[in-house]
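Let the hints inform the model, and build the full structure from the sequences given.
Protein chains: 2
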Amino acid sequence: MRAVDLIVRKRDGAELAPEEIDFLVRGFTSGEIPDYQFASLLMAIVLKGMTPDETARLTRAMIESGEVLDLAGVPGPLVDKHSTGGVGDKVSLVLAPLAAACGLRVPMMSGRSLGHTGGTLDKLESIPGYRTDLSPKRFRQALETVGFAMIGQSESVVPADRRMYALRDVTGTVESIPLITASIMSKKFAEGAQALLMDVKTGSGAFMKDRDRARALARSLVATGAGLGRRVAAMITDMDRPLGRAVGNFLEVRECIDCMNGAGPAEEVDLIVQQASRMLWLGGLAATPTEGEKLALQRLRDGSAWKVFLANVEFQGGNTDVLLHPDKGPAASVKKAVTSPSDGFVAGIDAYAAGIASVLIGVGRSRKEDRVLPSAGILLSRTVGEAVRRGEELCVVHGESAGAVDEACRLLAGAWRIAPGPVSPGPRLLEEVTRA
Amino acid sequence: MRAVDLIVRKRDGAELAPEEIDFLVRGFTSGEIPDYQFASLLMAIVLKGMTPDETARLTRAMIESGEVLDLAGVPGPLVDKHSTGGVGDKVSLVLAPLAAACGLRVPMMSGRSLGHTGGTLDKLESIPGYRTDLSPKRFRQALETVGFAMIGQSESVVPADRRMYALRDVTGTVESIPLITASIMSKKFAEGAQALLMDVKTGSGAFMKDRDRARALARSLVATGAGLGRRVAAMITDMDRPLGRAVGNFLEVRECIDCMNGAGPAEEVDLIVQQASRMLWLGGLAATPTEGEKLALQRLRDGSAWKVFLANVEFQGGNTDVLLHPDKGPAASVKKAVTSPSDGFVAGIDAYAAGIASVLIGVGRSRKEDRVLPSAGILLSRTVGEAVRRGEELCVVHGESAGAVDEACRLLAGAWRIAPGPVSPGPRLLEEVTRA
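One line per chain: the protein sequences are A and B, in this order.
Plus 836 on top of the position in the first sequence (first one is 1) and you've got our numbering.
Plus 836 on top of the position in the second sequence (first one is 1) and you've got our numbering.
Hints are not guaranteed to be accurate.
No copy labels: a pair is met if it fits in one copy or bridges any two.
Stated by the list, open to error - Pairs of lysine to any residue, SDA-like flavour, derived with a Cα cap of 25 angstroms: (1) Lys-1172 to Val-840; (2) Lys-973 to Val-1105; (3) Lys-1045 to Arg-838; (4) Lys-884 to Asp-841; (5) Lys-884 to Gly-849.
Since the hints were made in silico from the structure, they are not lab data.
Shown next, in the form of structure tokens:
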């Protein structure tokens, strides 16, 4: 088998055989197939696509490129959730303890901030002492005793993905439904999940700005799950406006604490309960999503999720005192408000602009080596549908540098659309894909 | 400017600006743009194409990547011909001296055998002593005194093409009309030609097996010439059957000697005269191709072309005694005939099979490091349209190894199609493209 012949076949639109895909991924991971051949193959895949069978095989080959976490024997269905990333998307921090409180085990391997979107690991690490680098043994222990664990991707899991992603980033081959699918799914199933709920974000604050592309990705994820013999369902949710009222690291943790104590933004809590219900259904703990919703709502309201969250923070080395008394946590030294230029109703908040503004003040990274600030962020004083008068606060920017905060404020001043008459915000959940 | 952004634009079907193409070719040639980025770009070009303007700019950027031979002051129009390669295609060896005998100067930079096709340099080097590595100074001298010269591509001319071709060869990006166009045209115009006749071969023995692809390449070559301000015309000629009766190195030289002495195969001589006439027309020495044909025929018949050829061989160090007495030249130690299984008429000879058979006996190379044999080859005893009886010779295979000759004979036995009734061979010249 020669790489060049397989490249030519993919270039000409052929479907590659399973053993051909294995050969390519193994060769690339070992270094026998050089980057320039794999780059050419990746571009051919971007432009010619892959069938569901090819995508599933690619995912499997990537999983087999490294270690697979062995979670056999952990009691309870292992179900994870993955979001394609948004602005203010802190769902995982509440969803994982809630799902665990309902009886699922959630082995969650998360990422850091990327582009204009935040990262679950960065949010967790804003809790003083919190460690996301658990050993496989401790990870398993956390699942057994707490019910969920949150870790970063280790070097030994899916090395093919790390190599492929680095190459895709510099060769214009990021935007490909099958490649994105295989990248997400390989990581999720290598970490030991049995079933997966995908939250595919669409809108200005998402990577998939376009609804049709989001739908295509959702379908690809579900079909690939089926090809791998795993239950996968996908929700397509709106990311045209930020989720909740907090964008930042510890600011989002505080909002999560509210969500677990009956004080979260209604729309956000609602989305979390919906996602938990689908996870319960995927894991077989609820016969229908509706049944799952009832259970999830109950465990959120009775404080079970909050207890599981505290147990997790304790297990992963975080300071729970800061969670019980959030005012002791990271706080910004510079705060500045953006005010409304007119009377009216908030018709929209550009999530992409809010994301970029948040990176400017240190919520995310412009370059890989940048440090994120736990205290920085944006608190939305007015969100979509709410009335506002001229001169009233639209948001408050928290940061550590007056210059950066000023710059973020200038950017945010253009992010609010104010309409003269009442506006009702559209639904977050746009569509679901539950079957291949 | 970042390479990745330009790759993305080409991937999405955009037209690259002239300075963007310059940036990419310069960066690749200098090594600043790594192979993996350029490979991804090449695949995007293969699948998304290039406009005529982009192709012309790519060609120009490639020419500017290295030295350009300075032939200013050489008297007479500098016109070259390039063939995309065929089986038995020895036209250059007669055409160059014929065109020179008519008053053109032909600065010909040729290649070696590639795949199933022979190479002009290999044919010339079957003449004992013949050197194809003339210095630029001697090359110019040959043009001034003899009228034509035949050399190989030097390292310093169009280095971008050498690097690009090596990468294309291993990344499945050879088959692209704009990339093929730029590769051919950059070499031809860097060697100093002012105008160019292209012989685009089509059929089983050509690289462009398909007539539509051959036409697309012909049009692209002519349009790119126009974009560079050079006169380029293209002939699309049939390569379903071998050209002439000889396939090999010195066997083809012998046939060329015949062509220049009134004894060549009529169809082959006819094609050479047609090509010479177009070159004369392109160079402005004939008002019309028809006028050019008259002049060319005259200079072929009166022995002028033959004299120029002998002068060239003398100049380039070859043994002219062998040309005057070809039986003193390379001769094979093993000869074996392939005979007809039935009575009838030759309806076709698979040029691809003949090409592969010729590589087996040493006419061409299976691997880059193989040596070619000057004596090896195939002489067609019966060609298309001729009658044959069962048991009569179809061809004789010349070689140096009985095993290889046997293998070639087995392959050739299946290459002749014998029809029960008379067959007339189709024309060699299928179409012409003379204007962008």
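Structure-based check of all given hints:
Neither within a single protomer nor between protomers do Lys-1172 and Val-840 lie at most 25 angstroms apart by alpha-carbon distance, with minima of 57 angstroms and 37 angstroms respectively. Taking CA atoms no more than 25 angstroms apart as the test, Lys-973 paired with Val-1105 passes in neither setting, with 32 angstroms inside one copy and 82 angstroms between copies. Taking the shortest alpha-carbon separations for Lys-1045 and Arg-838, only the inter-copy value of 23 angstroms comes in at or below 25 angstroms, while the best intra-copy value is 38 angstroms. Taking the closest pair of Cα atoms, Lys-884 and Asp-841 come within 25 angstroms of each other both inside a single copy (16 angstroms) and across two copies (20 angstroms).
In this homomeric assembly, Lys-884 and Gly-849 come within 25 angstroms of each other (Cα to Cα) both inside a single copy, at 6 angstroms, and across copies, at 14 angstroms.
In summary, the numbered hints that this structure violates are 1, 2.
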